[in-house]
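J.: Could you build the full structure based on these sequences and the hints that come with them?
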Amino acid sequence: MKARRAGPRLHALEVPLEGMSLLIPSASVAEVVNLSTLTAVPFSEPWLLGVIGWRTLAVPVVSFEALLGAPTPGGRAGGKILIFYPMSGRKDWEFYGVLATAEPRPQALDGSQPPVPEAGLPNSSYIASGLKIDNRSMFIPDLVALQKAFYP
Amino acid sequence: MQLDGVSYLLPSVAGFTIEQRENLVTNKSPDGNVVAWRSVRSTRLPAYCLDANLRVTRHQQWHRAVFLDAKPQAVGLVAVEVQLLPRAETVISPFTPLGLPPTRAGHLFSGAWVTGNRVILVFNPEALTSYLQSLGEGA
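Chains as they are written, first to last, in the numbering used here: chain A, 1 to 152; chain B, 1 to 139.
In case anyone wonders, no lab produced these hints; they're calculated from the structure.
Values in this document were obtained by computation on a predicted structure and should not be read as measured data.
Where a beta carbon is used, it is the ideal one built from N, C-alpha and C, also for glycine.
Careful, some of the hints might be misleading.
Anything over 10 Å on all C-beta distances counts as not near chain B; from chain A, calculated [stated by the list, open to error]:
#: 1; residue: Val-51
#: 2; residue: Leu-57
#: 3; residue: Val-62
#: 4; residue: Glu-94
#: 5; residue: Pro-115
#: 6; residue: Leu-121
#: 7; residue: Leu-131
#: 8; residue: Arg-136
#: 9; residue: Ser-137
Computed, partial: chain A to chain B, Cβ under 7 Å [to be verified]:
#: 10; residue: Ala-30
#: 11; residue: Asn-34
#: 12; residue: Ser-36
#: 13; residue: Val-41
#: 14; residue: Pro-42
#: 15; residue: Leu-48
#: 16; residue: Gly-53
#: 17; residue: Thr-56
#: 18; residue: Tyr-85
#: 19; residue: Gly-89
#: 20; residue: Phe-95
#: 21; residue: Gln-107
#: 22; residue: Phe-150
#: 23; residue: Pro-152
T.: This is how it looks when you write it as structure tokens:
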């Protein structure tokens, strides 16, 4: 079998969630912070867990599990919030957070990682694709679909 | 203002009037969404009692009502405590909640006052008014 050719390295982060992991570009994350008190936002979507104070901003924190239709995980000890830079075309203060169950782990991608077959992907428009790393499936979020959900 | 133990801010750009409880006519019936009315000439302006999640509730532990200027008529919100904060004491950051706005006038919040880990959400007056007006008299 022909080995996949290694390409330029891309720095990514594996984001542990309940029962699955996301794979995101490291450069999309501004900071990783400890899970702190979440302030509820009345009448918000079920996937919006609340907001945290970060620097001088209120940053909305999202449960990716809830976006995928799974139950919202409770905040567990060791949980982290990844603060993402604002999405394309949004205001420069529109950071958003995603709740992770543990500290994200760096992953260096070089193009040799095989894709997750279609059948192995979650049935959700919020997942664009996936990669197999160390025999584990990691899923890549669809930022366009997320932006439509966040800012309809 | 404090609603059921949770603080919210109403920006001073919103036109509003704060009324003492004794100046209002309380709803004696346990039914209905309105907790009290303010009588202005021949009209009764409704005031609602909301819990921390901004759902209609009924309790008697309120002392004041804030009436938001609106068309066709003002609408009120009762609170355990209402405090006027000097502008210099508060730094409001812009904030956009994610997802679909719950009112026709948009999201209920348009800013936040962040002090360390504490976040106090700032109402968008137009959306709050729209929400309160949508509550009606109820059963």
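J.: If a hint holds in the structure, say so; if it doesn't, say that too.
T.: Each hint tested on the structure:
1. Val-51: violated, 5 Å
2. Leu-57: Contrary to the label, A:Leu-57 does not stay out of reach of chain B, its closest Cβ about 5 Å off (not over 10 Å).
3. Val-62: violated, 7 Å
4. Glu-94: violated, 6 Å
5. Pro-115: Correct as stated: the minimum Cβ-Cβ distance to chain B is 29 Å, above 10 Å.
6. Leu-121: holds, 24 Å
7. Leu-131: Correct as stated: the minimum Cβ-Cβ distance to chain B is 27 Å, above 10 Å.
8. Arg-136: holds, 29 Å
9. Ser-137: Answer for A:Ser-137: holds, closest chain B Cβ roughly 27 Å.
10. Ala-30: For A:Ala-30, the interface hint is violated, since the closest Cβ of chain B sits about 16 Å away, which is over 7 Å.
11. Asn-34: violated, 10 Å
12. Ser-36: Check passed: Cβ of A:Ser-36 comes within 5 Å of chain B, closer than 7 Å.
13. Val-41: holds, 5 Å
14. Pro-42: holds, 4 Å
15. Leu-48: Check passed: Cβ of A:Leu-48 comes within 5 Å of chain B, closer than 7 Å.
16. Gly-53: For A:Gly-53, the interface hint holds, since the closest Cβ of chain B sits about 4 Å away, which is under 7 Å.
17. Thr-56: Because about 5 Å separates A:Thr-56 from the closest Cβ in chain B, which is inside the 7 Å limit, the hint holds.
18. Tyr-85: violated, 15 Å
19. Gly-89: violated, 13 Å
20. Phe-95: violated, 11 Å
21. Gln-107: violated, 27 Å
22. Phe-150: holds, 4 Å
23. Pro-152: Given a least distance of 5 Å, the restraint on A:Pro-152 holds.
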